[in-house]
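Working from the sequences, and respecting the hints, build out all of it.
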Amino acid sequence: PAPPFYGRVDEGWTVVTRREPTEAEWDDLRFAWAAIFGVKSNAILLARDGGVLGIGAGQMSRVDS
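Just so you know, we're using our numbering here: the sequence shown kicks off at 949 and counts up by one.
These are computed hints drawn from the structure, not numbers from a lab. We put the beta carbon where it would ideally sit given N, CA and C, even for glycine. Heads up, some of the hints might be wrong.
What the hints assert, rightly or not - Restraint-style ranges between C-beta atoms, simulated for each label pair:
hint, residue 1, residue 2, range
1, V1011, R967, 36 to 46 Å
2, T965, V1011, 30 to 40 Å
3, G960, Q1007, 22 to 32 Å
4, V1011, W961, 28 to 38 Å
5, D997, R967, 15 to 25 Å
6, G960, V1011, 28 to 38 Å
7, T962, A991, 16 to 26 Å
In structure tokens form, the structure reads like this:
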């Protein structure tokens, strides 16, 4: 399924660091945001240069883990 957003995914995002991301970093952030949609709870995704470096699904259930 498609991610549940319309328009630019970065609408309303705020940079809270001293340095603004470069345009390439923004591209990677937008890509990672869209790519992580299919991963469940507590997910982590590392992206660079338009590709996924790694995905961690996190702890699915504290009872079963």
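The hints, checked one at a time:
no.: 1; hint: V1011 - R967: 36 to 46 Å; verdict: holds (42 Å)
no.: 2; hint: T965 - V1011: 30 to 40 Å; verdict: holds (37 Å)
no.: 3; hint: G960 - Q1007: 22 to 32 Å; verdict: holds (29 Å)
no.: 4; hint: V1011 - W961: 28 to 38 Å; verdict: holds (35 Å)
no.: 5; hint: D997 - R967: 15 to 25 Å; verdict: holds (19 Å)
no.: 6; hint: G960 - V1011: 28 to 38 Å; verdict: holds (35 Å)
no.: 7; hint: T962 - A991: 16 to 26 Å; verdict: holds (22 Å)
The structure shown violates none of the earlier numbered hints.
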